[in-house]
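**Student:** Taken in sequence, the protein lines are chains A and B.
So the first sequence is numbered by the UniProt record's numbering: it starts at 1 and just counts up by one.
So the second sequence is numbered by the UniProt record's numbering: it starts at 1 and just counts up by one.
Just so you know, not all the hints are guaranteed correct.
As a list, the in silico DSS-like pairs of lysine-lysine whose alpha-carbon atoms are at most 27 Å apart [claimed, not checked]:
no., chain 1, residue 1, chain 2, residue 2
1, A, 41, A, 296
2, B, 333, A, 296
3, A, 437, A, 447
4, B, 291, A, 48
5, A, 296, B, 214
Simulated coverage check for chain B against chain A, where a stretch passes if three residues somewhere in it have a Cβ under 8 Å from a Cβ of chain A [what the hints assert, rightly or not]:
no., stretch
6, 65-71
7, 94-101
In short, the hints are calculated from the structure, not lab data.
Every residue gets a Cβ at the ideal spot worked out from N, C-alpha and C, and that includes glycine.
2 protein chains.
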Amino acid sequence: SPVLVPCLLSLSPFLSFLIPVPIIVPCPCPLFPFLSRGVPKPFTEVIKANIGDAQAMGQKPITFLRQVTALCLYPELLANPSIPEDAKDRARRLLAACGGHSAGAYTASPGIELVRQDVARFLQRRDGVTAEPGDIFLSTGASDAIVVLGGVVTQGTHTRWTGTPQYPTGTRAATPNTLPGPVLGLYWYWEWDHDPQNPTRQVQSRQCIEDVIKFAYEEKLFLMADEVYQDNIYAEGSAFHSFKKVLFEMGPPYSEVVELASFHSISKGFMGECGFRGGYMEVVNMDPAVKQQLAKLVSVRLCPPVPGQIVLDTVVSPPQPGDPSYDLFMAEKQAVLSSLAHKARLTQEIFNRTPGIHCNPVQGAMYSFPRIELPPRALAAAKAQDQAPDMFFCMKLLEETGICVVPGSGFGQREGTFHFRMTILPPTEKLQVLLEKLSSFYTKFVKEYS
Amino acid sequence: SPVLVPCLLSLSPFLSFLIPVPIIVPCPCPLFPFLSRGVPKPFTEVIKANIGDAQAMGQKPITFLRQVTALCLYPELLANPSIPEDAKDRARRLLAACGGHSAGAYTASPGIELVRQDVARFLQRRDGVTAEPGDIFLSTGASDAIVVLGGVVTQGTHTRWTGTPQYPTGTRAATPNTLPGPVLGLYWYWEWDHDPQNPTRQVQSRQCIEDVIKFAYEEKLFLMADEVYQDNIYAEGSAFHSFKKVLFEMGPPYSEVVELASFHSISKGFMGECGFRGGYMEVVNMDPAVKQQLAKLVSVRLCPPVPGQIVLDTVVSPPQPGDPSYDLFMAEKQAVLSSLAHKARLTQEIFNRTPGIHCNPVQGAMYSFPRIELPPRALAAAKAQDQAPDMFFCMKLLEETGICVVPGSGFGQREGTFHFRMTILPPTEKLQVLLEKLSSFYTKFVKEYS
């Protein structure tokens, strides 16, 4: 059946092109490798506000996650009195589930059975719907799971639908190593003013999700839901609705028929553990024969990294009230999330103070996606250099300020509009300076090209 | 250009078949999921001698590797006086090379630059030939690198050559998600009595490698060399020759033209750190345009897991004489390797004592691949059950003894011969019991079917 990839695939010609051997889709490329060399710069540091890499921007890891992982990797630490007992209990429980009681053994290809059970319990609590460990495949981060599943459920001739703009992992998922079928972008979120979360940082409403599910049902589509930002909701009145929960609340025929895969990751949320490469996907209503092929395909690379599986376990099964690690865990988690919420508001405020920059509320995720007005002479100058106008702006910004953001044309955007994506991750003080620098640069740029 | 995958691809019809959506090649499947259920067994434990998973079989991790990794993941341990200073220095050096000084940040897609430099220095010492960090791509284990490269250099219409028998990672590398071209097995190693290392545990001679390189040159093939067992050489007179070293010793035109990729991993050798999923590939003489596509393709899954990159760094740049960790590191490394050498001899001795079992010297790697004579009535019984004769034998072995080995038909073997692959990894005492049990079972089996 064809594939619906909401919040994922893009129609942007900048993103999908064909090359003779495998089909490779460039990401919304970091621009800094293109920074001109050998000339003095008016800045001392490149600020990479282009990628959702929280710890690279100074976010501190959550202690409990790291303690459990370090204990599993170096069990001599079980004798260390400064590490709390619940972390040690967790490490013992996880090691007992590993081959030879070692994090150095292969696990089953879909992951450690115990961790899959813990994920299933987490999903059951979250959605109030039964979740089976057998439907859960641990992965090397969400992007890995999307690529693997994309290889199973898509074929060259399939039509793929997506919300636009979007983060191009999904574009890649549906295309690498398969013959290219058409990829159609859906601007409807955009028009209805509830957009996908990355890059547009808006939180999908329950109604929007229902509409996507109905569309998938009518068109017999396989639904892929990227839910890695489920903890990153900041705006009042916004809430995370999982596709699975909505699907089951809608009831038959939807809940019995619509094939769904959802993805989660340890790289975002309050964890920001990008380097560990951990995550999972849950499949719902998947054809058993396809599921068997999926199981075979995940076995090709043997198993997901064990340290990432360990971190994932601590995330889906965190310390509970009364546990020695509970207070610190909650304090650290809240500190990260409230700092992000503060920076989301700050971003929106400073941008909207600047004439010509329009920034919707950053309801969730880790990014702002402001629209920028560009004067006709800037469009002409971009055309002369054979660049998209927002790419031209972003390159100038980088050369003059060292601030690296991603042009909106990397994600797909409505014809004739221009955006850039910037993370809200830099530490508050740095972010404030950065936003003000960007705002002044924009004003100067507009003056220069008017 | 077509692809030569020595020591990798197999012609076995058991291994490659086509399914409508992606092309998936089953591995030499562990048989234990097929163990009959609900009937009492004449054994208390399934012994998984089917997979090279050292730590699952009780091998202890190397202390230095785990200390450095635990320090990087939980830097509070830098204050722990019981961890040696060189491990701490290493951890500090690696953390300084990570974004935000954290193992939780994404690294560059081909890996941490510092680790790539350390790998390049390791290769230069090993081969006496220049190695460039830019030619090194860190990976999520060797199988991951093989799959990714396979997607770049193969196309449906390419002919792929391989040594036979072989471990099927390569078969998978060349086939998933690409249209299937012919895969041709080369039995020449077999005939010349210098076989690829896994499963046939023989060490390729320098002459054999030269012949493969000449063949690749003449046929304009891309050469993929799986060198994950480079530390696992036990037999006197055997030595590891890297394809790169031999290629450069042969000089022009070979050294200037033949495109080569070689793979290494932290899962084998003396490390056995399978769970961390770490490794690298080095590409030599690769067409720059293809290399650029490879770089894009590895960026799809963002970066290899950082804990695996850390372990890899300790492996390519181990403690040196005079360092506080040196003595323990060398003692642990030698203990693992000499135990494996001892078990290699033990395996060969016990098998060759059994009439009808023929086991060549286990020169390297972690496996024996004995040939077994099977009586005509066993062949008929297997045929009646629509099984390969060695599959039939291995299933009976599993049901009666709990010993899980892999039938030779999973790797490809000369028509009319039968083998199985068994690891030499169980602890010595357990291995001895296991070998004797297997030998008695074989004798009984032959009697039963004669």
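**Student:** Are the hints correct? Go through all of them and say.
**Tutor:** How the hints compare with the structure:
Simply put, residue 41 of chain A and residue 296 of chain A have alpha-carbon atoms about 52 Å apart, too far for the 27 Å limit, and the pair is violated. With a C-alpha separation of about 34 Å, the suggested pair residue 333 of chain B and residue 296 of chain A falls outside the 27 Å cut-off, and the hint is violated. The suggested pairing of residue 437 of chain A with residue 447 of chain A holds, with an alpha-carbon distance near 15 Å, which does not exceed 27 Å. For the proposed pair residue 291 of chain B and residue 48 of chain A, the alpha carbon gap of about 25 Å is at most 27 Å, so the pair holds.
At most 27 Å may separate the alpha-carbon atoms for a hinted pair to count; residue 296 of chain A and residue 214 of chain B exceed this at roughly 36 Å. A stretch counts as covered by a chain when three or more of its residues have a beta carbon under 8 Å from one of that chain; for the stretch 65-71 of chain B and chain A the count is 4, and the coverage holds. Interface restraint, the stretch 94-101 of chain B with chain A: holds (3 residues with C-beta to C-beta distance below 8 Å; minimum three).
Checked against the numbered hints above, the structure breaks hints 1, 2 and 5 and satisfies the rest.
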